[in-house]
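Undergrad: Residues per chain are reported as follows:
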Amino acid sequence: MTREEILAKINEIFRDLFDDDSITVNDATVASDVDGWDSLMHITIIGTIEAEFGIKFPMKDIVGMKNVGQLVDKISELSK
Amino acid sequence: MKELEYPFDSDYLFKNGRKLKKQLLSEGGPFIDKRIAILGGSTTSAVKDMLELFLLNFGIKPFFYESEYNKYFEDGMFENPELKEFKPDLIYIHTTSRNIDVFPKAADDKETARKLQEDVFFKFKALWESIFDKYGCAIIQNNFEPPMYRLLGNSDCVYPGGAVNFINGINAMFAEYTYTHKDLYIHDINYEASCYGLNKWTDLSYWYMYKYAMTLSAIPECSYGVARIIKSIYGKNKKALSLDLDNTLWGGVIGDDGPENIEVGQETPMAQGYSEFQSYLKRHAEIGVILAVNSKNNDDVARKGFERPDSVLKLDDFAAFYANWDNKDLNLKRTAESLTLLPESFVFVDDNPVERGLVAGNVSGVAVPEMDGVENYIKILDRSGFFEVTALSKDDAERAKMYRENAIRSNEMAKYEDYDSYLKSLEMKAEIGAFVPEYLDRIAQLTNKSNQFNLTTWRLARSEIEKMAADSAYVTLYGKLADKFGDNGVVSVVIAKVNGDTADILLWLMSCRVLKRDMEFAMMGELVKKLKALGVTRITAHYYPTAKNAMVKDFYALHGFVKEEEDEAGNALWAIDVDKYNEKKHNIAINV
Numbered sequence: 002m003t004r005e006e007i008l009a010k011i012n013e014i015f016r017d018l019f020d021d022d023s024i025t026v027n028d029a030t031v032a033s034d035v036d037g038w039d040s041l042m043h044i045t046i047i048g049t050i051e052a053e054f055g056i057k058f059p060m061k062d063i064v065g066m067k068n069v070g071q072l073v074d075k076i077s078e079l080s081k
Numbered sequence: 031m032k033e034l035e036y037p038f039d040s041d042y043l044f045k046n047g048r049k050l051k052k053q054l055l056s057e058g059g060p061f062i063d064k065r066i067a068i069l070g071g072s073t074t075s076a077v078k079d080m081l082e083l084f085l086l087n088f089g090i091k092p093f094f095y096e097s098e099y100n101k102y103f104e105d106g107m108f109e110n111p112e113l114k115e116f117k118p119d120l121i122y123i124h125t126t127s128r129n130i131d132v133f134p135k136a137a138d139d140k141e142t143a144r145k146l147q148e149d150v151f152f153k154f155k156a157l158w159e160s161i162f163d164k165y166g167c168a169i170i171q172n173n174f175e176p177p178m179y180r181l182l183g184n185s186d187c188v189y190p191g192g193a194v195n196f197i198n199g200i201n202a203m204f205a206e207y208t209y210t211h212k213d214l215y216i217h218d219i220n221y222e223a224s225c226y227g228l229n230k231w232t233d234l235s236y237w238y239m240y241k242y243a244m245t246l247s248a249i250p251e252c253s254y255g256v257a258r259i260i261k262s263i264y265g266k267n268k269k270a271l272s273l274d275l276d277n278t279l280w281g282g283v284i285g286d287d288g289p290e291n292i293e294v295g296q297e298t299p300m301a302q303g304y305s306e307f308q309s310y311l312k313r314h315a316e317i318g319v320i321l322a323v324n325s326k327n328n329d330d331v332a333r334k335g336f337e338r339p340d341s342v343l344k345l346d347d348f349a350a351f352y353a354n355w356d357n358k359d360l361n362l363k364r365t366a367e368s369l370t371l372l373p374e375s376f377v378f379v380d381d382n383p384v385e386r387g388l389v390a391g392n393v394s395g396v397a398v399p400e401m402d403g404v405e406n407y408i409k410i411l412d413r414s415g416f417f418e419v420t421a422l423s424k425d426d427a428e429r430a431k432m433y434r435e436n437a438i439r440s441n442e443m444a445k446y447e448d449y450d451s452y453l454k455s456l457e458m459k460a461e462i463g464a465f466v467p468e469y470l471d472r473i474a475q476l477t478n479k480s481n482q483f484n485l486t487t488w489r490l491a492r493s494e495i496e497k498m499a500a501d502s503a504y505v506t507l508y509g510k511l512a513d514k515f516g517d518n519g520v521v522s523v524v525i526a527k528v529n530g531d532t533a534d535i536l537l538w539l540m541s542c543r544v545l546k547r548d549m550e551f552a553m554m555g556e557l558v559k560k561l562k563a564l565g566v567t568r569i570t571a572h573y574y575p576t577a578k579n580a581m582v583k584d585f586y587a588l589h590g591f592v593k594e595e596e597d598e599a600g601n602a603l604w605a606i607d608v609d610k611y612n613e614k615k616h617n618i619a620i621n622v
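Protein sequences, first through last, are from chains H and L. Going by our numbering, the letters in the first sequence line up with residues 2 to 81, in that order. Going by our numbering, the letters in the second sequence line up with residues 31 to 622, in that order.
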């Protein structure tokens, strides 16, 4: 899966989770850019991404992630 | 909604939660509103979101209060204006083994460990009592899941210092207290965690990072368990099972294979599966769940399946038996009508997805679990929690029997050309007498519940009834009716007041369970006999109309009374001279 494909899938997940088709995320997107992306929603986002990609993030990786770009990198690394 | 029925896909529910909620609110309902406070010992946000979805799907619209993280104890224990203002209908205490403050040391003796267990138990007991006292609402309390590690290995469940042993003991204390306290309900996460798999349930990253006491995808399981209890408390349980036969209750097709070749009994693995499933269904009578057959078969052929000696279910386990070639949605509606239940109170059990689709599409509100493989049947029904028990009485065990007996009576009736010979065939026996202590509860219940066959709709407390029973100015009568099919219990109540040579009938009621059996004639006969013996020469009686008792408007005319007065509202006074009374013929043997 290419980075672009991963990002597209993440975008789709966000739209489902927030039930909002106007959301667009990119590598630089951080939590404060998306209305409603609070710490509780963050848990659901991580859980849903794990389920959709069939991966499990090590805890040390989740706590270190700063933006969507790093999330994409991690997914790409884990789904190899 | 299919997505919210067991076995649901947790990941799907999280991903689509907002959409599902919108859909439920716009397409579901009608809803009953309930105010639910969640007091958490860990993060409860997702627990609440999932609980909301499941409750909406059960027809309950929840409004939530959530405690601050791990403030469950303070919130319930101390003055809390916000919670008071919220006026909870129900408080759910979401605590887990993470909230056990202290565990014994490995080598601690029994007394020390016991003391620590009591510390935990008394803390929760104080919390429950405080909630009952301050809010007077129902409480759902999680028990404790097994610990995530066992320092003593297998001995952890044996030694007083073992965490497994310790938690088992506390869970037993919770259960014992709950058993004797009506408004407290245990949510058994101990069992749920086992079902889910403890290793998966305790994914520690969710605790360290977010203070969730279980992994995210286990949360819907937990919320579903709570939703089951809540819908049961508020009367949303299912009541009956509508059952297919071929490849559902036995293996094979009885019409093609013949009753001797269907798979049931102990001979083959498949046969054992069907037999165990039959046992599981049969046991539902113990909790008052009604069983009915809904099968595409010739009736006589279908019945032969239950005449096999190795069939666990017998014909008389079913309250209704529809084996014909009509569509199953139609048969389900007929079953409901014949049992005076609503179609939405049924669970339709069929291995065939086409039949399930037809019933789900045409009978709104019916539950249609996906029955796939006999080895999964019990699990699917059991985990769905259609009949979640939150109160169990002796009556529940009798209920299925009474429905069955009524069904047999109506079948029996069809065999007789005239109604009188049907009544004769019932071999009815009545016990009629003055009120006795053992029936006072039932008598009070009847005066408060009967609407239709009730002449004056006089509602009475048990204590008032007791007083009249002891007062010689009153003549009281209860009537119990039994027949060859079973005992209906106390079904009729009469109270008259004697004043010199006249008597006034103040209350006359009968349960509709025994309509058209002429029990009222037997009761009147006994009453007049008693009054005569007391020197009464004239009897007066009343009819007070309500929205529901039109069926007995002219009840006293039947017995030869004459209407003496009637006001514009329809309140009527009836009277008869005792020597003009002729007892009406009936087929009931009295006090034999």
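Misleading hints may appear alongside valid ones.
DSS-like, lysine-lysine: derived pairs with alpha carbons at most 30 angstroms apart [what the hints assert, rightly or not]:
| no. | chain 1 | residue 1 | chain 2 | residue 2 |
| --- | --- | --- | --- | --- |
| 1 | L | LYS409 | H | LYS10 |
| 2 | H | LYS10 | L | LYS49 |
| 3 | H | LYS81 | L | LYS230 |
| 4 | L | LYS269 | L | LYS344 |
| 5 | H | LYS10 | L | LYS32 |
| 6 | H | LYS57 | L | LYS269 |
| 7 | H | LYS61 | L | LYS527 |
| 8 | H | LYS57 | L | LYS32 |
| 9 | H | LYS57 | L | LYS344 |
| 10 | H | LYS10 | L | LYS562 |
| 11 | L | LYS49 | H | LYS67 |
| 12 | H | LYS75 | L | LYS409 |
Covered by chain L, per the in silico footprint, the following chain H stretches (three or more residues, Cβ under 8 angstroms) [to be verified]:
| no. | segment |
| --- | --- |
| 13 | 11 to 18 |
| 14 | 33 to 45 |
| 15 | 48 to 54 |
| 16 | 69 to 76 |
These are computed hints drawn from the structure, not numbers from a lab. The C-beta atom is built at its ideal place from N, Cα and C for all residues, glycine as well.
Undergrad: For each hint, tell me whether it holds in the structure or not.
TA: Verification of the supplied hints:
no. : hint                : in the structure
1   : LYS409/L - LYS10/H  : violated, 35 angstroms
2   : LYS10/H - LYS49/L   : holds, 18 angstroms
3   : LYS81/H - LYS230/L  : holds, 24 angstroms
4   : LYS269/L - LYS344/L : holds, 20 angstroms
5   : LYS10/H - LYS32/L   : holds, 25 angstroms
6   : LYS57/H - LYS269/L  : violated, 42 angstroms
7   : LYS61/H - LYS527/L  : violated, 85 angstroms
8   : LYS57/H - LYS32/L   : holds, 28 angstroms
9   : LYS57/H - LYS344/L  : violated, 51 angstroms
10  : LYS10/H - LYS562/L  : violated, 90 angstroms
11  : LYS49/L - LYS67/H   : holds, 28 angstroms
12  : LYS75/H - LYS409/L  : violated, 38 angstroms
13  : 11 to 18            : holds (count 3)
14  : 33 to 45            : holds (count 4)
15  : 48 to 54            : holds (count 4)
16  : 69 to 76            : violated (count 0)
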